[in-house]
Amino acid sequence: MSRLRLDDLSLAQGARTVLEGLSGSFPDGAITALVGANGAGKSTLIQGIMGILPPLAGRIECDVPKERRAWLPQQLALDLSFPMSVEELVMTGSWPTRGALRGYRSSQYRQARAVMQRLGITHLSHRPLGELSGGQRQRALLGRTLMQEAELLLLDEPFANVDSDTVNVLIQVLRDMADQGSTIIVVLHDLEHLSRLADCVLTLTGGHAQWATPHEVLERHGAMDLTSQAPFAPLNLSDSSSCST
Amino acid sequence: MLDLITPLADYGFMRRALIAGLALSLAAPPLGVFLMLRGMSLIGDAMAHAILPGVALGFLMAGFSLPAMSLGGILSGLVVAGLAGGVSQMTGHREDSAMASFYLISLAAGVMLVSLGGSSVDLTHVLFGSILAVDTTALLLIAAVSTATVLLLAIMFRALVMECLDPLFLRGQGVRPGLIQGVFLGLVVINLTAGFQTLGTLMAVGLMMLPATAARFWSKRLEGLMGLAIVIAMLASTGGLLLSYHLDLPSGPSIILLAGIAYLLSALFGRYNSLLVRLRRRAAPLDTVRNGTSST
Numbered sequence: 001m002s003r004l005r006l007d008d009l010s011l012a013q014g015a016r017t018v019l020e021g022l023s024g025s026f027p028d029g030a031i032t033a034l035v036g037a038n039g040a041g042k043s044t045l046i047q048g049i050m051g052i053l054p055p056l057a058g059r060i061e062c063d064v065p066k067e068r069r070a071w072l073p074q075q076l077a078l079d080l081s082f083p084m085s086v087e088e089l090v091m092t093g094s095w096p097t098r099g100a101l102r103g104y105r106s107s108q109y110r111q112a113r114a115v116m117q118r119l120g121i122t123h124l125s126h127r128p129l130g131e132l133s134g135g136q137r138q139r140a141l142l143g144r145t146l147m148q149e150a151e152l153l154l155l156d157e158p159f160a161n162v163d164s165d166t167v168n169v170l171i172q173v174l175r176d177m178a179d180q181g182s183t184i185i186v187v188l189h190d191l192e193h194l195s196r197l198a199d200c201v202l203t204l205t206g207g208h209a210q211w212a213t214p215h216e217v218l219e220r221h222g223a224m225d226l227t228s229q230a231p232f233a234p235l236n237l238s239d240s241s242s243c244s245t
Numbered sequence: 001m002l003d004l005i006t007p008l009a010d011y012g013f014m015r016r017a018l019i020a021g022l023a024l025s026l027a028a029p030p031l032g033v034f035l036m037l038r039g040m041s042l043i044g045d046a047m048a049h050a051i052l053p054g055v056a057l058g059f060l061m062a063g064f065s066l067p068a069m070s071l072g073g074i075l076s077g078l079v080v081a082g083l084a085g086g087v088s089q090m091t092g093h094r095e096d097s098a099m100a101s102f103y104l105i106s107l108a109a110g111v112m113l114v115s116l117g118g119s120s121v122d123l124t125h126v127l128f129g130s131i132l133a134v135d136t137t138a139l140l141l142i143a144a145v146s147t148a149t150v151l152l153l154a155i156m157f158r159a160l161v162m163e164c165l166d167p168l169f170l171r172g173q174g175v176r177p178g179l180i181q182g183v184f185l186g187l188v189v190i191n192l193t194a195g196f197q198t199l200g201t202l203m204a205v206g207l208m209m210l211p212a213t214a215a216r217f218w219s220k221r222l223e224g225l226m227g228l229a230i231v232i233a234m235l236a237s238t239g240g241l242l243l244s245y246h247l248d249l250p251s252g253p254s255i256i257l258l259a260g261i262a263y264l265l266s267a268l269f270g271r272y273n274s275l276l277v278r279l280r281r282r283a284a285p286l287d288t289v290r291n292g293t294s295s296t
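Chains A and B are the protein sequences, given in the same order. Numbering-wise, the first sequence is residues 1 to 245 according to my numbering. Numbering-wise, the second sequence is residues 1 to 296 according to my numbering.
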C-alpha cells in the first residue's frame, strides 16, 4: 500500500485551475519523476502534496507524518544572504522533531557530521550559505533532508545549476534513500537525469496526469529535452505496470 | 572617570532611565535583526509612525497617562499593520507601498490630534520622548514588554529563522507563516510603544534598527548579530544617558545618535563588508579556499 495517494485531485492557483482529476499512488521505496512543460503544474502539485495548497476537489492521502516530509526547494527560493552556516542549515533538519525549544543532543551533532561527510561537504561546515556554489548549496540542502530522516521527499529541479560531481552524489544519496523505503518525488527536465534516477514517471500536460515507466518516456521522447517537448504527446500506458494510476 | 558614571548611582531618575534603556536594549535589537534579515528595515520606521494616532488619542482622552497612551499606540499600530496587510492582499500590491501610505496618514493624523488637544511641548514629548521622566509605571510596562518579547522570541525563534530562510519548509510543517508574521509584527508594535515614552514615537525605532544594522558589519552568525546588537544598544543607552546628563542634551537623541555613530564606525571599520575591508581585500590563496577556511 502506498503512503501517498491522489484521489481525483484538482488544484488551483488563485482563480486558475491548474490540475484536474489526478488519481494514482506514488510507490514507496521508489523515485517518481514529475515532468511537464513550464506551467504544467509540477510545482503546484508539490505544494498540494506538502499541504501548502488545499485541494480544489478530490483528496491527497498521505500517511507520512509531517515531520518526516521534506522539501528541497529550487535554490532561488532560499534567502542566501541569511547568516547561516552549512552545519547550521543541516541541523535545521532536526527542528521538525525537536520542536521550538528543545536543544540539540550530541548525537545529533554526530549525525550532522556524518551527513556532511556522506555529501562531501565536511570542509564547508562553517562556510556561510551565501559563499557556496550552486552544487555546494544543493548538497547542504540535501543534508537537511537527510538530517530530517525524511520518509517523503519532494525535490524541485534539484540538478539545476549543479556540477556533474554533485549530480552523481545527489543521485546516489536519493537512490540509497529510496532503497531504505522513502517515497521520493523529483521534478526533472532532463532525460539523462530521468534515465539515471527515476523508477516511475508522472507526466503533467494540459492539467491532466499520465503515469508511465521511464522506459516509455525515453522511447517516446528520445534524446530531446523534456521541456522542449511540451505539450507531451499522449503516452501509451499499456505497459505501465510498475507505476500505478 | 568615576565621576562620569556616578550620576547613575546618585539619582533615582537616572537609575530608572538606565533600567528602562537596558530593558529596551535587550528586547528591541533582536527584533531589528529579524526585520533587517527579512528586508523590512523600513517597516519598523513605518510602524513607529503608525502608533502615533493611538498615542495621541490616549493623550487627548487621559492626558499623560502611560497606560492609556500605550494601549492607544498598540491598537493603532496593530490596526495599521492589519490594514496594510489586508489592502496588499486584496489589491495584489506590495505590502511596503500599502504600509508607506498608511504610515504617512498615521503620522499626519497623530500630529493633527496632538496639535488639536495640546501644546507644542506636548507634541515634542510624544514625538521625541523623555527618558529622564520615566516613572515606576513606565518602568514596569517597559520591563513587562521586554520580558514578554524575549520569551516569545525564544519560543518562535526557529520558526522565524525558517520563515526568513525557506518559508515553504515552514508551511510544509503545518505552520502558517502569516501567524508568525502577525505575532512578530505585534512584538514590533509593543516594543515601539514601550519605547515611545523614553525615546519618542519617531526615535523608538532607532534603538531597534541601528544596533542591528551596525552588527551586520561584525558577524555572519545570527546569534552573533543579535548578541552584538544588544551590546551596542546597551552601550548607546548608557552612554547616551550620561552624555545627556553631563552635557545637558536631550536624552533620546543622545542615545540614538550614539547608536548611529556605532553604525557609521561599523560601516567604516567593521570586520565584514566595511569600507576598510573592501579597500584591503585581496584574493585568498587557493589552499585556504579549498579547506573552507577563507573569510571575507
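To be clear, the hints were calculated from the coordinates, so they are not data collected in a lab. Incorrect hints may have been included.
[Claimed, not checked] What the simulated footprint calls covered on chain B by chain A, stretch by stretch (three residues with Cβ under 8 Å from a Cβ of chain A suffice, anywhere in the stretch; the number is not a length):
#1 147-156
#2 160-171
#3 219-231
[As the list claims (entries may be wrong)] From chain B, some residues computed to sit far from chain A (all C-beta separations above 12 Å):
#4 Leu26
#5 Leu37
#6 Ser65
#7 Ala68
#8 Leu78
#9 Gly82
#10 Met112
#11 Thr124
#12 Val175
#13 Thr238
#14 Leu257
#15 Leu276
[Said to hold, decoys possible] Only some residues are given here: those of chain A computed to face chain B with a beta carbon under 8 Å:
#16 Val64
#17 Pro65
#18 Glu67
#19 Trp71
Quick caveat: nothing in here was measured; it's all calculated off a predicted structure. Ideal Cβ placement from N, Cα and C applies to all residues, glycine included.
Taking the hints in turn, this is what the structure says about them:
no.: 1; hint: 147-156; verdict: holds (count 3)
no.: 2; hint: 160-171; verdict: holds (count 8)
no.: 3; hint: 219-231; verdict: holds (count 6)
no.: 4; hint: Leu26; verdict: holds, 19 Å
no.: 5; hint: Leu37; verdict: violated, 6 Å
no.: 6; hint: Ser65; verdict: holds, 37 Å
no.: 7; hint: Ala68; verdict: holds, 35 Å
no.: 8; hint: Leu78; verdict: holds, 24 Å
no.: 9; hint: Gly82; verdict: holds, 22 Å
no.: 10; hint: Met112; verdict: holds, 39 Å
no.: 11; hint: Thr124; verdict: holds, 39 Å
no.: 12; hint: Val175; verdict: violated, 10 Å
no.: 13; hint: Thr238; verdict: holds, 27 Å
no.: 14; hint: Leu257; verdict: holds, 27 Å
no.: 15; hint: Leu276; verdict: holds, 20 Å
no.: 16; hint: Val64; verdict: violated, 11 Å
no.: 17; hint: Pro65; verdict: violated, 10 Å
no.: 18; hint: Glu67; verdict: holds, 7 Å
no.: 19; hint: Trp71; verdict: holds, 5 Å
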